[in-house]
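Which chain is which? The protein sequence lines are L and X, in order. Note that the working numbering has the first sequence beginning at 6, numbered continuously upward. Note that the working numbering has the second sequence beginning at 742, numbered continuously upward.
These aren't lab readings, by the way, just hints derived from the structure by calculation. None of these values were measured; they are calculated from a predicted model. Quick reminder that beta carbons are idealized off the backbone N, C-alpha and C, glycines included. Some clues are possibly wrong.
Computed from the model, here is a short list of chain X residues facing chain L with C-beta under 10 Å [claimed, not checked]:
(1) ARG769
(2) LEU773
(3) GLN786
(4) ARG790
(5) ASN795
(6) ALA798
(7) LEU811
(8) TYR886
(9) LYS889
(10) THR893
(11) TRP900
(12) SER940
(13) GLU959
(14) ILE965
(15) VAL966
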Amino acid sequence: MQMTEDRLRKIEQYLSQIKLKDRAAFSQLYELSNRKLFGLILRIVPDREQAADVLQESFTRIWLNANSYRSDLGNAWAWLCQLTRNCALDSIRHSRRHPVTLLEPDDLDTINIDHAPDRNSSFDLHRCLSTLDTDKRNAIIHIYLHGLTQSELAARIERPVSTIKTWIRRGLLELQHCLS
Amino acid sequence: MRYHNPEIREHLAGQYVLGALSPRVRRRTERLMRSDKALEKLVYQWQDRLCTMNDSAPEAKPPKRVWDELEMMLNRTPMQQTANPQKQLMQSLLLWRSVTAVLLASVIAIALLVSNPPALHPAGYVALMKNNPEQLEPSLMITAYQGKEPGTSSLHIQWNQRTEQQDLEGLTLWAIDRDTKNHLSLGSLAVVEDNRLLSRTEWQALKNSLELVATRGELFTDPIVFSGPCVQLSDWREKAS
Numbered sequence: 006m007q008m009t010e011d012r013l014r015k016i017e018q019y020l021s022q023i024k025l026k027d028r029a030a031f032s033q034l035y036e037l038s039n040r041k042l043f044g045l046i047l048r049i050v051p052d053r054e055q056a057a058d059v060l061q062e063s064f065t066r067i068w069l070n071a072n073s074y075r076s077d078l079g080n081a082w083a084w085l086c087q088l089t090r091n092c093a094l095d096s097i098r099h100s101r102r103h104p105v106t107l108l109e110p111d112d113l114d115t116i117n118i119d120h121a122p123d124r125n126s127s128f129d130l131h132r133c134l135s136t137l138d139t140d141k142r143n144a145i146i147h148i149y150l151h152g153l154t155q156s157e158l159a160a161r162i163e164r165p166v167s168t169i170k171t172w173i174r175r176g177l178l179e180l181q182h183c184l185s
Numbered sequence: 742m743r744y745h746n747p748e749i750r751e752h753l754a755g756q757y758v759l760g761a762l763s764p765r766v767r768r769r770t771e772r773l774m775r776s777d778k779a780l781e782k783l784v785y786q787w788q789d790r791l792c793t794m795n796d797s798a799p800e801a802k803p804p805k806r807v808w809d810e811l812e813m814m815l816n817r818t819p820m821q822q823t824a825n826p827q828k829q830l831m832q833s834l835l836l837w838r839s840v841t842a843v844l845l846a847s848v849i850a851i852a853l854l855v856s857n858p859p860a861l862h863p864a865g866y867v868a869l870m871k872n873n874p875e876q877l878e879p880s881l882m883i884t885a886y887q888g889k890e891p892g893t894s895s896l897h898i899q900w901n902q903r904t905e906q907q908d909l910e911g912l913t914l915w916a917i918d919r920d921t922k923n924h925l926s927l928g929s930l931a932v933v934e935d936n937r938l939l940s941r942t943e944w945q946a947l948k949n950s951l952e953l954v955a956t957r958g959e960l961f962t963d964p965i966v967f968s969g970p971c972v973q974l975s976d977w978r979e980k981a982s
């Protein structure tokens, strides 16, 4: 199921209710988003049992910390994804990393924008990523999607860590200019 | 402080969202965000910018135990969280201390109420909802209050005591824009019966609305059950002062 505009609006509404400790809204939010968030976690934490623990931890934090979400600053789905990714990063960095299969050398095509809820912003990101050179683009995509550290990425592609750091710093700067 | 440098802040926010920071720097960034609203805003901007990459993740079904354990977490009382007798004793002492504190606070609150009437919070918008335009009296009133912070504005329902209350389960509330006549869902009407917080987008939609409509079902094209014009109220305190 895709993240349609309607689903995004519901997520926003449920999160507002969770701030009031509404259990029904929490259950509905879980129903609506658990599969997507579990898929997102599995890209960073390939072990299903460990990934399930991460999903549970993420929803516990959503229940406890919903009040810290600022609806005036950004969208609820992006907030949920970031909270979930942070839990996955904590988990994978506390345990021995399982090997993850990196995407193909040029990963831009794997970022599907056809069914994105906000096709304009999705298209913008896609367009701006495509303006980066391949090394910078792939470093950003690998770190974001798989939660690799800069050292892990350096070891995998056999490049110095300082090079990866430069790619990330310049890549983010170019992305920022392009997107704004 | 080096974090006051705009370039460093932008870079920090981008690296935080990307997941490229070490755990130590990430925790420090999270602490900074709590006190530095401008940095928090930059982080939200990067979250929104990069989030569309998540759309490519395939969905996967988690094991049932995840929801079972979350439900247990919701149902768990503080006493059930630990089996340690010493901790239980400490918790029961804390419980009694809390009960005493609550009682004391209640006494103080009552005393304050008697000496100073509460500052009433005026409603911002009201819609009197009828089943049909010919109905003599509205069935219910929907009231919107603007919160002090974005995301804290709320919607409330009050029934007309002289008409019969109806089950609101399965009804969806919509705001109709006064200029474009476009509609935006404000979600389940049954939820409003308890207390419903509005996101900034929803509050804006309500502010610009000509009319509120409740449909039976989740689609705007579903049968209309209630509708009523939405009016903006002036602050009666301004007149009184």
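Now for the hints, and whether the structure bears them out:
Of the supplied interface hints, the one on ARG769(X) is violated, with its beta-carbon coming no nearer than about 14 Å to a beta-carbon of chain L, more than 10 Å. The interface hint given for LEU773(X) is violated, since its Cβ lies 14 Å from the closest Cβ of chain L, which is over the 10 Å cut-off. A hinted interface residue such as GLN786(X) counts as satisfied when its beta carbon comes closer than 10 Å to some beta carbon of chain L; here the least separation is about 7 Å, so the hint holds. At a threshold of 10 Å, the smallest CB-CB gap from ARG790(X) to chain L is about 5 Å, leaving the interface hint in force.
This hint holds: ASN795(X) has a C-beta 5 Å from the nearest C-beta of chain L, less than the 10 Å allowed. The interface hint given for ALA798(X) is met, as the beta carbon of that residue sits about 4 Å from the closest beta carbon of chain L, less than 10 Å. Interface hint status for LEU811(X): upheld, as the beta-carbon distance to the closest one in chain L is roughly 5 Å, under 10 Å. The beta carbon of TYR886(X) comes no nearer than 14 Å to any beta carbon in chain L, farther than 10 Å, and the hint placing it at the interface is violated.
Taking 10 Å as the C-beta contact cut-off toward chain L, the hint placing LYS889(X) at the interface is violated, the least distance being around 12 Å. The beta carbon of THR893(X) comes within 8 Å of a beta carbon in chain L, closer than 10 Å, and the hint placing it at the interface holds. The beta carbon of TRP900(X) comes no nearer than 21 Å to any beta carbon in chain L, farther than 10 Å, and the hint placing it at the interface is violated. A least Cβ separation of about 4 Å between SER940(X) and chain L falls short of the 10 Å threshold, and the interface hint therefore holds.
Of the supplied interface hints, the one on GLU959(X) holds, with its beta-carbon coming within about 8 Å of a beta-carbon of chain L, less than 10 Å. Interface hint status for ILE965(X): violated, as the beta-carbon distance to the closest one in chain L is roughly 19 Å, over 10 Å. Hint status for VAL966(X): violated, given a least beta-carbon distance of 19 Å to chain L, over 10 Å.
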